[in-house]
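Two chains, two separate frames, one set of hints: put the complex together.
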Amino acid sequence: MLQLNSINKSYRLGQLEQQALFDVSLDVAEAELVGLCGPSGSGKSTLLNICGLLDQQFDGQVFFSGEQVTGAQQAMRLRRSQLGFVFQRFNLVPVMSAFENVEYPLQLNRIAAPQRKQRVNELLEAVGMLEHAGKRPDRLSGGQQQRIALARAMVLKPRLVIADEPTASLDSQTAHQVVSLMKQLSHQHGTSIVVATHDDRMSSHCDRIIRLEDGRVVSDKEALCVA
Amino acid sequence: MRRLTQAWLNVQRNRRRSLMSVSIIAIAVFALLSAGGFGLYTYQSLAEASARESGHISVTMPGYFDSEEDYPLQNGIADSGALIKSLLSHQQVKAVQPRVEFSGLASNGEKSAIFIGQGVQPNEFRQKGPFLDVVEGKLLDSYSPDEAPQVVLGKDLARNLKMQIGDWLTLLSTTSEGALNAYDFVVSGIVSTGVPEMDKRLLYIDLNAAQALLDSQRVSVVSMYFYDYQDVGPMLHTLAAPGAQQTPSLEYTPWWERAVFYDAVRNLYNRIFGVMGAVMALVVFVALFNTLSMSVTERTREIGTLAAMGTSPAEQLRGFVYEALVMALIGCVLGIIANGALSAGLLVADIEMPPPPGRTDGYALQVYFSPMLALWVTISIAVICAGASAIAALKGVRKPITEALIYV
Ligand SMILES: Nc1ncnc2c1ncn2[C@@H]1O[C@H](COP(=O)(O)OP(=O)(O)OP(=O)(O)O)[C@@H](O)[C@H]1O
Ligand SMILES: [Mg+2]
Numbered sequence: 173m174l175q176l177n178s179i180n181k182s183y184r185l186g187q188l189e190q191q192a193l194f195d196v197s198l199d200v201a202e203a204e205l206v207g208l209c210g211p212s213g214s215g216k217s218t219l220l221n222i223c224g225l226l227d228q229q230f231d232g233q234v235f236f237s238g239e240q241v242t243g244a245q246q247a248m249r250l251r252r253s254q255l256g257f258v259f260q261r262f263n264l265v266p267v268m269s270a271f272e273n274v275e276y277p278l279q280l281n282r283i284a285a286p287q288r289k290q291r292v293n294e295l296l297e298a299v300g301m302l303e304h305a306g307k308r309p310d311r312l313s314g315g316q317q318q319r320i321a322l323a324r325a326m327v328l329k330p331r332l333v334i335a336d337e338p339t340a341s342l343d344s345q346t347a348h349q350v351v352s353l354m355k356q357l358s359h360q361h362g363t364s365i366v367v368a369t370h371d372d373r374m375s376s377h378c379d380r381i382i383r384l385e386d387g388r389v390v391s392d393k394e395a396l397c398v399a
Numbered sequence: 002m003r004r005l006t007q008a009w010l011n012v013q014r015n016r017r018r019s020l021m022s023v024s025i026i027a028i029a030v031f032a033l034l035s036a037g038g039f040g041l042y043t044y045q046s047l048a049e050a051s052a053r054e055s056g057h058i059s060v061t062m063p064g065y066f067d068s069e070e071d072y073p074l075q076n077g078i079a080d081s082g083a084l085i086k087s088l089l090s091h092q093q094v095k096a097v098q099p100r101v102e103f104s105g106l107a108s109n110g111e112k113s114a115i116f117i118g119q120g121v122q123p124n125e126f127r128q129k130g131p132f133l134d135v136v137e138g139k140l141l142d143s144y145s146p147d148e149a150p151q152v153v154l155g156k157d158l159a160r161n162l163k164m165q166i167g168d169w170l171t172l173l174s175t176t177s178e179g180a181l182n183a184y185d186f187v188v189s190g191i192v193s194t195g196v197p198e199m200d201k202r203l204l205y206i207d208l209n210a211a212q213a214l215l216d217s218q219r220v221s222v223v224s225m226y227f228y229d230y231q232d233v234g235p236m237l238h239t240l241a242a243p244g245a246q247q248t249p250s251l252e253y254t255p256w257w258e259r260a261v262f263y264d265a266v267r268n269l270y271n272r273i274f275g276v277m278g279a280v281m282a283l284v285v286f287v288a289l290f291n292t293l294s295m296s297v298t299e300r301t302r303e304i305g306t307l308a309a310m311g312t313s314p315a316e317q318l319r320g321f322v323y324e325a326l327v328m329a330l331i332g333c334v335l336g337i338i339a340n341g342a343l344s345a346g347l348l349v350a351d352i353e354m355p356p357p358p359g360r361t362d363g364y365a366l367q368v369y370f371s372p373m374l375a376l377w378v379t380i381s382i383a384v385i386c387a388g389a390s391a392i393a394a395l396k397g398v399r400k401p402i403t404e405a406l407i408y409v
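Those protein sequences? They're chains A and B, same order as listed.
Counting in the working numbering, the first sequence runs from 173 upward without gaps.
Counting in the working numbering, the second sequence runs from 2 upward without gaps.
Misleading hints may appear alongside valid ones.
[Claimed, not checked] No farther apart than 20 Å at their CA atoms in a straight line, the calculated lysine to any residue pairs in the SDA-like style are these:
1. 400(B) to 230(A)
2. 396(B) to 248(A)
3. 289(A) to 2(B)
4. 400(B) to 355(A)
5. 400(B) to 307(A)
6. 400(B) to 289(A)
7. 289(A) to 4(B)
8. 307(A) to 4(B)
9. 396(B) to 230(A)
10. 400(B) to 227(A)
Just so you know, these hints were derived from the structure itself, not from any lab.
In this text the structure is predicted, and so the values were computed from the model without any measurement.
Bound-form chain B, shown alone (with noise of 0.2 Å):
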């Protein structure tokens, strides 16, 4: 206790100098923070949009996301609903959607598009909630055999099909038995995914009718989604268990295992963030060297005197040490209160990032919180604080003892 008193009377000893290294070590705490915080944001965001687009975990058939089908639905799921019923039986899992994935040409009678299929069930975009924008129309109906099946469309493919609410839009495609079919659907409706080169060939149908246009009962994934994605990673150890295992025996694929996009923005922004790490790593180095330098040069003559009496040069050090960790303290608790307080401010200014590349919408500028983040940064910044002191003193305490007493 009388150390850190002594610490902190040292520390101000020279007001003007410490402050600029308290000054320094908040900024870079804060810089830290808030840019690690920004990256939280981020991969949560990202991981988030990931597990909305194909489940936290994609119930498949062995190979499904590597091989390439000889006909439609070839690799597909047979008894889908039996599968469906034993996953819904895990208390963690919030729902289960079988679906349906196919390609064809859509044709408006004059002019046809290449398209890629979803076929869903309509209740899957009540449960995954607003990941859509539906620009015009609204999203499928329960589908029943008797009205006609809707389609919904991604916002480019209606525009270069001239496609309006109402409209009908034949689908072309190739059954499992190989042979042509087609369907007539109404638009229902017109939706944006934020993602250009999706909007220009994405369709959405009842699961029920892609199964009927592909003239078969298989479904191509059972995507799962959980409660708490903290259960995905022990929910699939025991989806894999040996004793666990199906048959047919499936694949189970995670979330981030499909996210390209999210390990690709997560790599970039670790690189990133470690950069910017070591600069501000180095910065806090170099001021608190030069501080600590200062401070040890001026009292030359006091650790003279120390030593006179028997101090060794280690408590000397020590002293210095404390002197760092107090300054280190103070930085971080001042950069940890205004990344705090950035972190508020921007839950409420509702700032606009423009669009990731690939993307048409821009999303809230938002920085986390991190406890974590932020324990991790205040070690790291007591360490080199503390390295940076000890090197510094090490040059005073060396020096001989007479010396240091004629000091002047």
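Bound conformation, chain A alone (with noise of 0.2 Å):
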């Protein structure tokens, strides 16, 4: 699904270069939960921009279902139509209601009006916030906020979600909700996750475990990761 070849990143500082990703290679497949795991500093939110067709500056070959990824148009347009998002600290659009940020991605890619209501009302069925539809951002909890982002994730059925810590500012159990709900979602609709996180319960939930430090994969398991 996403082909990742021999990956070298470095960010350049002033003058000093300073390299997060070394030679890393990764092959996610059809509806896998990644986790991606590793102390601060390891370079898991640098490999997840370049899963996720944010940064293009790195040597190396990127491929979505099949196809490699070379430039800033495709990669935008890859990213509309086959993408989805979930931040740290949600990001939804304050001037837009629960309901309107989950449509938005439907929007972008030009789906009718009639079907954009259809698929969002399930998708806040799916998460449990239809009742809070007509809301804007401000007016929800942290974990309903989450929610909403999940939503507006999965709402075009994307073939890869990409999830940065996603339940870092989220209580325990809130976030426990949230990362059943992924999974429940990506099992569901056959879409891939590569999620970065600290958290042992959100680990729990992978079907497979990459481990990072220093910018290296360390181990790429079927297993428990411990942080």
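So, in structure tokens, the structure goes:
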């Protein structure tokens, strides 16, 4: 589904060049829930940005559904139609209601209004937020916002969802709900998810755990990750 | 529609800042419209005054205004009666007035002064309305050969010659044959034109009396007056058309070619308003650029989020432009309302402006409300705001997504 071939990535800080990823290769299968763990600064976010086609400044190759991603335009088109994103701090658009936030990716893809409405309602229902559809994000709790964000990421039935520390801003009970929800939706739609996390409870839901240290993959297995 | 709603909501995110921008736009619009409205009022007043002085179209023999005559009425129109009749046949024409322009010496027996005379039909005063300020006495009565001919004097000329109503005054002039001629006139009125230079020299007598004094049947000018000054241009065209040419050929001069003062004021005002407009445009641009720059910076993470989801930079720019346009629209509406209120208020308040240079009388301060001007100002402001917001937003939407997303 997603394939990374020997990725090297470095950041330039003034004169200094700091390498954040060393020769990372990765294959994400259809409907797989992959956890990325590792200490702070190990390169999780850097790798996620590349997986999410947000960053084109690296050495190596990225294939999305067999198509090599080379340009910013192509990446934008793929992100718009095939990818979903969940952020640590929800990143809902404050001037849009919950409904409109979830609807936004459908609008971007020019889906007709009746289908949009139906699809949004399905997703709001699935994340248990139907009754809050008209509310703006500032009137929702963190857990509720993240559920809306999850609905937004899933509304297009994307092939891949990228989630960077989606539970880090939530209390443990809410975090647990959100994670279960993610897993459930992923299985329903056959969506692959790559999630970066420090969180053991999160990791315990993953099909597969990749552990990064200092920009290198140190383990890749279907087991618990101990951070 | 949703875009506008969201733009409106975005405008409300930082109310104090948006209010500031809207106020600046409103003040700029108000200032521009008020200055422009005052200009339009002044132009129209001057245009009316100029047209009243010389008529909307002056009909003369060719070259009358450019060349000096060797003797009085050398370049005059001989058969003015037929000409007047044919000009009056156009239904747009309200009145046609023949006039003799001449000069000479006015004497009270002890002292003389140079005058510039106008021989007019007495009904011209009634037809033109209150363009003269009658200081004393009254304007010319209808001429009858049996009675003493009357003269109306400019107020400084009257003072110079110590003339009172009812006094006798001798006017000396050269006839068209080159002989010296003199007639006695009784002073019927003393007037002020508002221009001291004119009041020192000007006098009016009846057209027939003037023709008798100059011993000629010609007139200098035939002035045409229109119901609607919009008709002047087309009529000029009609009259000058080859088929319509009279024999001998005549010259048709519209009022604006003779209104030197009007042109000078208009040029000056247009230049002042041009500079003012440029300054206002700059102020609005800077204000909007500043406001939008702050908004863009504050919303960096939001921009990054939308970009991550595949929103194009152009689409994001559009959002900010809409936001600026919402503010522009509100500001313009407020400015236009304020201008309308000022315009209406001045009609009631009756504030007197000091006299313009070379005049003795002030005039009422008025500001026209011009929908056309309001439309143009609104469009210009909208363009400026859109431009400022686009430039401000460009920086934000160009930021790499990964950087925008971690912006705090
Ligand atoms: N924009 C940037 N400019 C310069 N260096 C960066 C930038 N982003 C990350 N880095 C560096 O790259 C390395 C990897 O950072 P990254 O954010 O990927 O780690 P992470 O595993 O996500 O850490 P955390 O758990 O704290 O989120 C770190 O050394 C970091 O300092
Ligand atoms: Mg990180």
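Taking the hints in turn, this is what the structure says about them:
no.	hint	in the structure
1	400(B) to 230(A)	holds, 17 Å
2	396(B) to 248(A)	holds, 19 Å
3	289(A) to 2(B)	holds, 17 Å
4	400(B) to 355(A)	violated, 33 Å
5	400(B) to 307(A)	violated, 30 Å
6	400(B) to 289(A)	violated, 33 Å
7	289(A) to 4(B)	holds, 18 Å
8	307(A) to 4(B)	holds, 18 Å
9	396(B) to 230(A)	violated, 23 Å
10	400(B) to 227(A)	holds, 12 Å
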